[in-house]
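Asker: One letter stands for each residue in the lines below.
2 protein chains.
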Amino acid sequence: MSLKAVFEARSVAVVGASATPGKIGYTIVENLLGAGFQGRIHPVNPRGGEILGLTAVRDPSEIPGKLDLAVMCIPAPLVPAALEQVARAGAQGAVVISGGFGEVGNAELEEVTVSTARRLGIRLIGPNCQGVNYTPRGLCATWPLLKVPGPIAIISQSGTVGAALGDWAEQEGLGISAFVGLGNKADVSELELMEYFAGDPHTRCIALYLERVRDGHEFRRVAKEVRAEKPVAILRGGRTARGRVAAESHTRSVAGSYAVFKAVAGELGLYLATTVTGLYDLAKFAALSRPPAGRRIFCITSSGGSGILAVDAAEELGLVQAELLPDLAEELRATLPERCVISNPLDLTGDADAARYLTAGRLVAAHQAADVYLMIFGDPVPGASQAARALQELVAPAGGTVVACCLGGGEVERDEVVRLHQAGIPAFPAPERAVAAVAATLDRAPQDGGE
Amino acid sequence: MSLKAVFEARSVAVVGASATPGKIGYTIVENLLGAGFQGRIHPVNPRGGEILGLTAVRDPSEIPGKLDLAVMCIPAPLVPAALEQVARAGAQGAVVISGGFGEVGNAELEEVTVSTARRLGIRLIGPNCQGVNYTPRGLCATWPLLKVPGPIAIISQSGTVGAALGDWAEQEGLGISAFVGLGNKADVSELELMEYFAGDPHTRCIALYLERVRDGHEFRRVAKEVRAEKPVAILRGGRTARGRVAAESHTRSVAGSYAVFKAVAGELGLYLATTVTGLYDLAKFAALSRPPAGRRIFCITSSGGSGILAVDAAEELGLVQAELLPDLAEELRATLPERCVISNPLDLTGDADAARYLTAGRLVAAHQAADVYLMIFGDPVPGASQAARALQELVAPAGGTVVACCLGGGEVERDEVVRLHQAGIPAFPAPERAVAAVAATLDRAPQDGGE
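Sequence order for the protein chains is A and B. Taking the numbering used here, the leading residue of the first sequence gets 6, the next gets one more, and so forth. Taking the numbering used here, the leading residue of the second sequence gets 6, the next gets one more, and so forth.
The reader is advised that the hints may include incorrect statements.
Note: identical chains are not told apart, hence a pair may lie in one copy or across any two.
Below are the EDC-like pairs computed for lysine to aspartate or glutamate, each with C-alpha atoms no more than 16 Å apart in a straight line [as the list claims (entries may be wrong)]:
1) K28 x E320
2) K28 x D358
3) K71 x E200
4) K152 x D332
5) K152 x E234
6) K71 x E13
7) K152 x E416
Honestly, the hints are just simulated from the structure, not real lab data.
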């Protein structure tokens, strides 16, 4: 049974819906409404009544028309019977948010739940998960409320880590295509989800947070196939011995060797992060940019200091400063104000406006002197996004990639970061983060299959 | 002459004030007004007229009453004569934002400017700088507009790096006490500013960004004295050979060896950052928290995954997981819901509210089992700040330090981060950043002088 029943659902029941703010059964209904879900929402509550303006049915059998998906926020022992009920209403997908299964030692209840779902032809996400979101349809059956559509599909064994990525993406106007909290992944695993989003037209990059990989061989097979379609950014908790112990008590299962995992990730061309912010940065870069064709970086900045810090980071992470060719230097010197520092980094100085970035960018692009063009907007620069987009158009044909860094620009900057993302240019809040994201994607081409 | 003429000015002239939005001479007047400057603002413009509702004088001689400070945004060659004029009006401080001095090779003009200022008894910040801010008086003679008072004094050789720190601090309700753009530091240097803010009652931590240290011996002497008073967080651009070349072309002077600088920073107990975000995190932690008394960390979390990532970071950065004593484990087990994972990290699970954090925190605190208590709020937790503050009060007497990490909590989280900072608890957006800030301050006690 396809996962379409989950993500393309047209009729969703919230089993355990509540009229009490703060309860999960309230939040889910609220967020489905808030995200503008493109389908019918059916709160299910034995007491009936009205929940957030919707009429609650007492029982799934009262749902009019065919049901596609059930989101469950009821006590764990009630889940198997509820699956029977929603199946009769037509459901082929269930997202079980309820905890109280394998993660607290109730392995038997988890087995019964999964076997019930399988017998009924229901695909089950969770249990003990933070729900799902699919922004193209406004299916925010999770929290917080996220509704900006974007290119990243987040699959996370930690609800919070996934929520953090989505929240940051929403704040920056980048957005996500999907979020799936894996929870105990008793039925649907990250592998099937990766395959699903590899084929999802709204997803350009998959961001994964995992604590354990159940079957290394199978992971390798699937990841390789998926990676041939789309970039995959990944963070694995439990890198250290103590972290692994913590991971095992979180999921009650063996986390596995990080060294082996790292080797496999490297071999498959996955982008490997070691922090939550690093995972976000990698996913952002991978979702918007092609991997750089080489290691040469050229920096155009209004902030001398930020340019220096970018150089430091680039040197430490194995990028190479693009040579400033004498012809280009002469053209820049002839065109830009005298106070600009003609070097790499090219310092346009603090009063640089978008027009000066554009002028400099055109000259630099004409020489195709680099693989990566880092534009640092170190002051409020209205129109930064247009200048970056123009440069991107000029350098893309020769395989160049433009990355932006915006800092110190206050409100203007926050607007421009959103516009940069809308224009398809990844924007980072500090030079080192921009450089680190680029560097982590070098030499990470998939070994088989084209980009 | 004291720097009080600058930071405690009661009467400020903006020389080169403009009625044209976008011009620096407009922005400065706008931001002084926007920050609610507690004194008189005198726009100076040869054409007179009105600027942002203020009457502009044509000449500093027309300023009524005594002038304290002149902020200059006029072409560089006009600065020495303007200094003569503002001195006659009483000014004892000048902030020269104008560029066009030593940084573009006009060493002679810079020398004339400094010697003029010195002869007139004027202390000069800059030239070629991004201005100054002193929030206790609303003196925002810089950009962007920052007006949230807070504990961090930023001294930066890069206007942008300093502005970024201030902007982040404002966004998070942390705030700054001061910002000073050093520019060419032709008269006032970082050393004098460090001494000044060491004695400033509104400043609890000094954050420094530098590209060069003119006199290593003098830096060592001053930093040692200042460090005995207050913590100092520092980032130096030009760590790598290529970065040093870039730094030298930015400031037209020798950057010096990073290895030597690093050794000196270590010896003096300065908190050394290697990224802009790292500098912010260190300054935040140092401004709000006492350095931990030891390496033992205990983590209380609602997010299992974030707890694991915190453990990984702590292990990698030399912290030690505090032992969960059997007595404490038993008390926690007896008190918390069954689904909570009784270990370190202590996983309160996703539905944890502030009350559960408080309950757990009280039990943990009674055993004084750790030096650092990391509270991860991995969901919207209204009241997180109160729970963290309560724990802080319980553990502080025995030298314990509470650090918060908030992620995945949407709007609730943004409010709580502000409240956490108002309550004096540093809050970080990812577990690794919280742990890294703590780790960087270990073994960094000043060698002489008390904390």
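Asker: Between copies, within a copy, both or neither: which fits K71 and E13 at Cα up to 16 Å?
Answerer: within (14 Å within a copy, 72 Å between copies)
Asker: Given a CA cutoff of 16 Å, do K71 and E200 count as a within-copy pair, a between-copy pair, both, or neither?
Answerer: neither (27 Å within a copy, 73 Å between copies)
Asker: Is the C-alpha distance from K28 to D358 at most 16 Å within one copy, between copies, in both cases, or in neither?
Answerer: Result: close only across copies, 11 Å inter versus 49 Å intra.
Asker: How would you label the pair K152, E416 (within, between, both, or neither) given a Cα cut-off of 16 Å?
Answerer: between (22 Å within a copy, 14 Å between copies)
Asker: Reference check for the pair K152 and D332, CA-CA at most 16 Å: within, between, both, or neither?
Answerer: Classified as neither; 48 Å inside a copy, 46 Å across copies.
Asker: When no copy is named, should K28 and E320 be tagged within, between, both, or neither for a Cα gap of at most 16 Å?
Answerer: neither (50 Å within a copy, 36 Å between copies)
Asker: Is it within a copy, between copies, both, or neither that the alpha carbon of K152 lies no farther than 16 Å from that of E234?
Answerer: Neither: 25 Å inside a copy, 48 Å across copies.
Hint violations for this structure: numbers 1, 3, 4 and 5, all remaining hints satisfied.
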